[in-house]
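Residue numbers (this note's numbering), protein chains in the order written: chain C, 1 to 401; chain A, 1 to 338.
It should be emphasised that the hints constitute simulated quantities derived from the structure, not laboratory data.
Incorrect hints may have been included.
As the list claims (entries may be wrong) - Calculated cross-link-like contacts (lysine-lysine; reagent style BS3-like; alpha-carbon spacing at most 30 Å): (1) K153(C) <-> K85(A); (2) K37(C) <-> K152(A); (3) K368(C) <-> K146(C); (4) K352(C) <-> K152(A); (5) K36(C) <-> K83(C); (6) K67(C) <-> K85(A); (7) K146(C) <-> K85(A); (8) K85(A) <-> K342(C); (9) K85(A) <-> K37(C).
Okay, here's what each chain looks like letter by letter:
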Amino acid sequence: MTKTTRWSALVALLGAAVAVAAIAGTTSSRAGTDAKKPIVIGWAFDSSGNMAPFDNPALAAAKIRVKQINAKGGVGGRRLQIKTCNTQGNNPTTAKACAVSLLGQGSNIIFTTCDVDYATPVVQAAINRGVLAVAPCIGTDQMGPKRFAAKGKLAFSFGNVAQDEGSAMAQYAWSRGWKSAALATNTYLVYFKNVVQAFDIRFRQLGGKIVDRESYATGANNVNSAVTRLNSHKASVYVTSTAFGELPSFVSGIRSLGNKTPILNSWAGDGTYWATNNPKVTNYYCVTYASVFGDDPSSAVRAMIASLKKAGTAPGTGGFLGGADAIDGVVTAIKRAHGSTKGSLLSAQLVKFKRVPVLGGRISFSAKLHTVFGRDYRVIQIQNNKASFKGLVRAKVIPKL
Amino acid sequence: MRRPPGAVTELLGPALLVILVGVVGTTASASNEGYFLNALVSVAIVVAIYVFVGISGVLSFGQISFVALGAFAAGVMTVPVESKKGVLTSIFPLLRDHSIGNVPSLLLAAALGGVFAFLVGLPLMRLSGLAAGIATFAVLEITHNVLREWTKIGPGATTLALVPETTGALQATLGALVAITVAFLYQRSRRGRLLRASREDPAVARSVGVNIHLERLLAFTVSGALAGFAGGLYVHLLGSITTEQVYLELTFLTLAMLVVGGLTSLWGAVVGALAVSGLDSFLSRAESGVHVVFTFTLPQGTRLVFLAAIMALVLILRPSGLTGGRELRLRWSLRRWR
Chain C
1 MTKTTRWSAL
11 VALLGAAVAV
21 AAIAGTTSSR
31 AGTDAKKPIV
41 IGWAFDSSGN
51 MAPFDNPALA
61 AAKIRVKQIN
71 AKGGVGGRRL
81 QIKTCNTQGN
91 NPTTAKACAV
101 SLLGQGSNII
111 FTTCDVDYAT
121 PVVQAAINRG
131 VLAVAPCIGT
141 DQMGPKRFAA
151 KGKLAFSFGN
161 VAQDEGSAMA
171 QYAWSRGWKS
181 AALATNTYLV
191 YFKNVVQAFD
201 IRFRQLGGKI
211 VDRESYATGA
221 NNVNSAVTRL
231 NSHKASVYVT
241 STAFGELPSF
251 VSGIRSLGNK
261 TPILNSWAGD
271 GTYWATNNPK
281 VTNYYCVTYA
291 SVFGDDPSSA
301 VRAMIASLKK
311 AGTAPGTGGF
321 LGGADAIDGV
331 VTAIKRAHGS
341 TKGSLLSAQL
351 VKFKRVPVLG
361 GRISFSAKLH
371 TVFGRDYRVI
381 QIQNNKASFK
391 GLVRAKVIPK
401 L
Chain A
1 MRRPPGAVTE
11 LLGPALLVIL
21 VGVVGTTASA
31 SNEGYFLNAL
41 VSVAIVVAIY
51 VFVGISGVLS
61 FGQISFVALG
71 AFAAGVMTVP
81 VESKKGVLTS
91 IFPLLRDHSI
101 GNVPSLLLAA
111 ALGGVFAFLV
121 GLPLMRLSGL
131 AAGIATFAVL
141 EITHNVLREW
151 TKIGPGATTL
161 ALVPETTGAL
171 QATLGALVAI
181 TVAFLYQRSR
191 RGRLLRASRE
201 DPAVARSVGV
211 NIHLERLLAF
221 TVSGALAGFA
231 GGLYVHLLGS
241 ITTEQVYLEL
251 TFLTLAMLVV
261 GGLTSLWGAV
271 VGALAVSGLD
281 SFLSRAESGV
291 HVVFTFTLPQ
301 GTRLVFLAAI
311 MALVLILRPS
321 GLTGGRELRL
331 RWSLRRWR
C-alpha cells in the first residue's frame, strides 16, 4: 500500500469517525416534568423538498392557531407546543429519525407530511408506539386502517378524502347544468385517480353522461396527447385532478386549440401561481378548502389568511387550512377524552366526529374513513388569470370506489 | 516481525471497521442510531455491487434491481397475514395467506436475488463496456416498472408498510459481515481470481482458457444474491419501502460510494460506503444543527451540494478512490512498531 493511499484511507476514516462522534454525541432533550406539562405536537415536515409547498403553509397556519389557543389558556390549562423536525425531502431514514427524535422529546401527538407514501416512516414510528399520527392534508383514504391495518386506527388526516371531493365536484358540475363530461385522469397519484373516479361515479348517479375517459401521468410527457384526444370530444365540462407541470400544460393546451369548454379541477389545481399568460387561464374551476383571494365566506378564515400574510407566509392555495383544522380537531378530541393525549383515546373520539366545527367549517370522520369528509368546499373560478370565490358545495354522497 | 498474511487483514480490516460502527451506533441516541444502521446496510449493498462491478470491471447499473426484489420479497412475506388481508388485497393468494420470519425472509431475498441475477445474466454477461451498462440499466427499469405496476406481487406504486423493523444494530452488523465474508471468500477463490484476470486483460484470460461469460455470470449471481440479502436488511430497517427508494438515487449513490472508496477492492467498498454514509448523515444533521466543538447549522439544501462537491474533489485528487483500489495491508504500520 503506498503512503498516499494509506493517508487517504486514514483521512476518510477519520472524517467518518468525526461524523460518527458528532452524530453519536447529539442527544435528545427531555420533556419537562411540570405538573401542567405542555401538550407537545411533534411535527416532521418537509421544508424544502417536493412536499414543502403543502407542508410549510399548513405548519405556519398551525403555529398561528396554537398561539391563539394558548392565548385563551390552552387546553384544560395545558399549553400547546409545536416541536419541528425537517425530513429534508422526506428521505426515509431522515424522516424516521425525525419521528423517533420528536417522540424522544416527549411529543404526545405526531404530525406528518401531506403524502401518505412519504409519511409512512413517520406514521409507523408513531403508531407502533401507540401515539396518534396526524397529517394536515393527505387527500386519500390511505391514512388509516386501509394502509396501516389495525394500527392504522391511530392515523388520521385533515385533508379532504378524494371520494368526497370528486363527489362534490360532480354535484357542482350538475348544478351548473353541465350534462356531459370528459374525464382526464392523471395516474401519478392515488389522490388524483380517486378524485376522477369519484366524479365519474357520482356524475352518472346524478344523470350526467361521461363522453370520454383519457389518462396521462406526471413526468410521462403525454399530457398533450390526452389534450388532443379530449379536444375531439364535445362535452359540457372537462374534468381532471392534477398539479405540477401538467396543470398549466393541460389548461393552456386545451385553450390553445380554441376550445373554451369549462375545466373543473380538484384542490390540486388551486391557486394562480401556475397560470400562463398566453393563453390566459379562463373558464377554469376548482374546489378547495378556502379561498385565498380575499373573498372567503368565513371571517375566521379571512383573519387566518391575514395573520399568515402578516407573518410573511401568505398562502398560495387553500391547503394551509388543513394545519389549522388539524390543531382544532386534535384539541376537540383531547377535550372529549378528558384531557388525555393517549393515542387510542384520541382515536376513539376522532372517529365519532360528525360535522364537528373547526376553523374552516365542519368536518367528519368515520371508522373506515380517517380522512375528512363533509367539508363545505369553496368553488374557485379563474377568468383571465383572476381568481374569485364562486360558491360553496358539499358532497351529499360518498361514492364507494 | 514477519508480514502477516494478506488474507487476514483483507478480511479483518473491513470486518473490524464494520463492528466498530455497529458498536458506536448502539451508543448513539435512538434517533441517530438509524444513521449508523443505514451506513451498515449501505456497506452490504456496496459490497454486493463490488462483487460484480469491482472484480469483473464491467459496469452495471442494474444491481439495485436485486436490492429492490429482495426488499419487496422480504417485506411482503413478513407483513403479518391478518394485516396483508386488509392492505394487500390484490396480491396472489399464495403471498397473501402466508408469512415467514425474519431470517427466512433474508434467505428468501438472497435466493430470489441470486436466481433473478442468474436468469438476466445469461444473455447480458456476454456484453462489456457501455453496452453492459445500458443493458443492466434496462434491467433496473424493467424491474422498477414491474414492481410499480404489478399489484399481484406487491403494493404497486404505493408504499409497502407494516414490515417488521428487525434490522437493529446486531442484524445490520451481522448482515454487513456476511456480505463482506462472502465477497472475501469469492474474491480469494479460484473463480474470483479468474474473473479478476479477465478484468485486467480479457484477451490473455481467454487465451489461457478462462470462460469469461461463465465467470461473469457466476459473479453476477453471487452479487445478485448479496444485493437481494441487502435489500432484505434495508426493508427491515425502514419498516416500509416504495419502488422509488430502490431505484435511481440508490443506484447512483451506491455506485458513487464504491468509486469514492476504490472500485477494485473490498476495503475500498467498505471505506467508501462508510465514509459517504457518514458524511451524508453528518451533513443531514448539520442542516438541523449539530455540535462539534461549537454548535452550527448549515443552510437547507447544502447537504447535497457539499456531498457532491466532496465526492468530485476526491475523484479529482484520487481517481482510483480513497484506498487506491487496494486491499488493506498492515505491513507499513508493523514496520514502524519494530
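Status of each hint after checking the structure:
no., hint, verdict
1, K153(C) <-> K85(A), "holds, 16 Å"
2, K37(C) <-> K152(A), "violated, 49 Å"
3, K368(C) <-> K146(C), "holds, 8 Å"
4, K352(C) <-> K152(A), "violated, 35 Å"
5, K36(C) <-> K83(C), "holds, 18 Å"
6, K67(C) <-> K85(A), "violated, 43 Å"
7, K146(C) <-> K85(A), "holds, 10 Å"
8, K85(A) <-> K342(C), "holds, 28 Å"
9, K85(A) <-> K37(C), "violated, 41 Å"
The structure shown violates the earlier hints numbered 2, 4, 6 and 9.
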